[in-house]
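**Student:** If you want the building blocks of each chain, they are given just below.
Number of protein chains: 4
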Amino acid sequence: MAATSTTPTHGYSADKDALLKRLNRIEGQVRGIARMVDENRYCVDILTQIGAVQAAVEKVALGLVDGHVRHCMAAAKPGERDDKATELMAAVGRLLKTA
Amino acid sequence: MAATSTTPTHGYSADKDALLKRLNRIEGQVRGIARMVDENRYCVDILTQIGAVQAAVEKVALGLVDGHVRHCMAAAKPGERDDKATELMAAVGRLLKTA
Amino acid sequence: MAATSTTPTHGYSADKDALLKRLNRIEGQVRGIARMVDENRYCVDILTQIGAVQAAVEKVALGLVDGHVRHCMAAAKPGERDDKATELMAAVGRLLKTA
Amino acid sequence: MAATSTTPTHGYSADKDALLKRLNRIEGQVRGIARMVDENRYCVDILTQIGAVQAAVEKVALGLVDGHVRHCMAAAKPGERDDKATELMAAVGRLLKTA
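Chains as they are written, first to last, in this note's numbering: chain A, 18 to 116; chain B, 18 to 116; chain C, 18 to 116; chain D, 18 to 116.
Simulated from the structure, these hints should not be mistaken for lab results. Treat the hints loosely; a few may be bogus.
One copy or two, it doesn't matter: identical chains are merged, so the pair holds either way.
To be verified - Simulated crosslink set (EDC-like; lysine to aspartate or glutamate; CA at most 20 angstroms straight-line):
1) Lys33 with Glu75
2) Lys76 with Glu44
3) Lys38 with Asp99
4) Lys94 with Asp55
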């Protein structure tokens, strides 16, 4: 939130620290999965961990969409709002497709 | 790959190196997303990268399911096959839910 | 479409006819799948048709989200906008979960 | 199960009646959504019903995958099993993509 005059504020600014913490945790989870593969662990157990990563990544995505809707779109000038909505919908569509 | 005589072989054993390479790349992608957040990049651009991570993670998951079906299930004794199928379906169900 | 003075206009109002046509087509697709089951058709062929239904249903869902973002949220008074965003996010979250 | 001598048995044969009942229910749900659109109901309420349809369709899909794994693949001759697995993986991949 406390963006300086030169830093643009985004929807996620208020939660930037929490967001970075989550991304670090996901990075660690992915490293853990690589370790399981390296140790020849059972594939179904690896799939369970992959499911956990997917859920965590999706939570991050939903948080960013939420911030975009509440902040970027709310802050948009009337003339820009439609473009922001188009961007949002493209992002939501991609999330559903790749989900 | 080089499973020793005491290490069980799994469906992904033949592709272990490729799988590890992919997981390393995903780890790097997640780190890149954290960097984007840190640099206050635009949330929709971050969402695009998150979509790429989700697609990559899903590809790994599908590869593991494929290996489970072709190898673990094929190698299972008739009496174990039903348990392997139950495990598989639980994993596929989780993938769809968290997807 | 031609919302009377007593009927609230929604995001999908302009496309109501197209939306109804799509839903009718989906209904027909589901009926076709039931017929395939009744005729003992091969399960993988049925799954292919189910995939087509899921894609069609998702397209309808994305259209409704789009309308909500562009119309309901834009038409909301500043004090209501946050509630509309919360409703939207709950809906998007459910789409991703059930997807 | 009660497939006649000329009708091939599929993975879903034992549950054919239950499967048809579910598909009929989904057809009714889709018709209900069309009615909501016709009555100009609130788009977020319609999205909630769409989420219910998606969950129901996915349950049908998982049931068919389960039947394919347990019956079609188990009944496949060794030489055919790989083809059956390839078909299964294509179907699971499509489910995830359209999910």
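**Student:** Run every hint past the structure and note whether it holds.
**Tutor:** Outcome of the hint check:
1. Lys33 with Glu75: within (17 angstroms within a copy, 26 angstroms between copies)
2. Lys76 with Glu44: both (14 angstroms within a copy, 17 angstroms between copies)
3. Lys38 with Asp99: This pair counts as neither: shortest intra-copy Cα distance 32 angstroms, inter-copy 26 angstroms.
4. Lys94 with Asp55: Answer is neither; intra-copy 52 angstroms and inter-copy 26 angstroms both fail.
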